[in-house]
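Number of protein chains: 2
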Amino acid sequence: MVRKEVSPFEFFEETDSLMRSGGLLLVSSGKDGKPNAMTIGWGLVGTMWRLPVFCVAVRLSRYTHKLIDETGRFTVCLPSKNMDEVLDVCGTKSGRDMDKLKELGLTAKKGKVVDVPYIEECPIHYECEVIYKTVLEPGQLKKAVEGDVYPTGNYHTMYYGHIKGVYAEEGAHGNLL
Amino acid sequence: MVRKEVSPFEFFEETDSLMRSGGLLLVSSGKDGKPNAMTIGWGLVGTMWRLPVFCVAVRLSRYTHKLIDETGRFTVCLPSKNMDEVLDVCGTKSGRDMDKLKELGLTAKKGKVVDVPYIEECPIHYECEVIYKTVLEPGQLKKAVEGDVYPTGNYHTMYYGHIKGVYAEEGAHGNLL
Chain A
1 MVRKEVSPFE FFEETDSLMR SGGLLLVSSG KDGKPNAMTI GWGLVGTMWR
51 LPVFCVAVRL SRYTHKLIDE TGRFTVCLPS KNMDEVLDVC GTKSGRDMDK
101 LKELGLTAKK GKVVDVPYIE ECPIHYECEV IYKTVLEPGQ LKKAVEGDVY
151 PTGNYHTMYY GHIKGVYAEE GAHGNLL
Chain B
1001 MVRKEVSPFE FFEETDSLMR SGGLLLVSSG KDGKPNAMTI GWGLVGTMWR
1051 LPVFCVAVRL SRYTHKLIDE TGRFTVCLPS KNMDEVLDVC GTKSGRDMDK
1101 LKELGLTAKK GKVVDVPYIE ECPIHYECEV IYKTVLEPGQ LKKAVEGDVY
1151 PTGNYHTMYY GHIKGVYAEE GAHGNLL
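Those protein sequence lines, which keep their order, are chains A and B. With the working numbering, the residue at position 118 of the first sequence is 118, and numbering never jumps. Every number in the working numbering is 1000 more than the matching position in the second sequence, counting from 1.
If you're looking for bench data, these hints aren't it; they were derived computationally from the structure. Please note that the accuracy of each hint is not assured.
Claimed, not checked - Short derived list, chain B residues pointing at chain A, Cβ under 8 angstroms:
1. Glu1013
2. Lys1133
3. Glu1137
4. Lys1142
5. Val1149
To be verified - Here are the computed lysine-lysine pairs in the BS3-like style, where the Cα-Cα straight-line distance is at most 30 angstroms:
6. B:Lys1133 with A:Lys133
7. A:Lys66 with B:Lys1142
8. B:Lys1142 with A:Lys34
9. B:Lys1031 with B:Lys1102
10. B:Lys1143 with A:Lys34
11. A:Lys142 with B:Lys1110
12. B:Lys1143 with A:Lys164
13. A:Lys143 with B:Lys1110
14. A:Lys143 with B:Lys1133
15. A:Lys112 with A:Lys34
16. A:Lys143 with B:Lys1066
Claimed, not checked - Computed beta-carbon distance windows for the label pairs:
17. B:Arg1020 with A:Val2: 27 to 37 angstroms
18. A:Lys4 with B:Lys1143: 24 to 34 angstroms
19. A:Gly139 with B:Gly1153: 16 to 26 angstroms
20. A:Arg59 with B:Gly1091: 30 to 40 angstroms
21. A:Val113 with B:Ser1017: 18 to 28 angstroms
22. A:Arg20 with B:Glu1103: 39 to 49 angstroms
23. B:Asp1097 with A:His173: 46 to 56 angstroms
24. A:Arg20 with B:Gly1171: 25 to 35 angstroms
25. B:Glu1070 with A:Lys143: 14 to 24 angstroms
For clarity, every value in this text was computed on a predicted model and none was experimentally measured. Every residue, glycine too, gets a C-beta built ideally from N, C-alpha and C.
Turn these sequences into a full structure, and let the hints steer you where they fit.
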């Protein structure tokens, strides 16, 4: 289906709402070009350095961490209605062990302005280039949260992605999970 | 006017739009309790550590930096229609040199759930507690941006504020700048 460019924050509400319910798909590929997706439930959106930014959090242990470090690019894809299983698999399996997109029957397409894959079955996607990254600093987070979220020191890297384009299918809103 | 609690992200669109045009007011007070406001044009909003978060960027040199470090609390206030001069003054003058709220005829009120001032003349405000903070790391930002924004090394601290409550006057939407 045709996908049109929309303004960077037109779908913030849907993005935020999905993030806090089923999740979003963070899609990337490494130097070998093989696409991979992981489910994310955390992220920040807004303006920094006069640019539209999507900031995603990826733990150091993740396969996606290696991929984004290799290329400095990612997409965030909003799942459609029938994607509960996709979110489940992409949130529990590692791309080191399986080709998630292939096994789930998903189609990787090349981004429109950034050389990075997105998932065609997702009606809306953001294309981003990493402009800044930082690993969370031990001891700086409130103690109760730190003990709960990082008991083994597997911290998140915060990848600040410059949003280069957001694309939506016609009628995308009604087709989201 | 009565101010009611709304969901953390109900006014994201207005918040983001004002951030990229006139600006928002970042309000804080230090140990002495004296309120101060600065104009901000950058910030990120979303979910981290399962919590609603407003992340604001404050340069190390700013008076507000000292105040937030002292108390770990801030509000973000959305300006109303007639506040162009307020945004101008709060973006160019330092609270070290003048009592901005007093000179501008603004009213500081105590937050509803966080012990931090907000500006009554602003129809919507966020009350936040700092949950994490980190200074931007030299050399990690894309070179062109770093040279443009931080030519003298006056980096931003990113204060991740846990949004404890968002409050809006009735009809607030129509009264924003």
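Of the hints given before, which are not true for this structure?
Every hint satisfied by this model.
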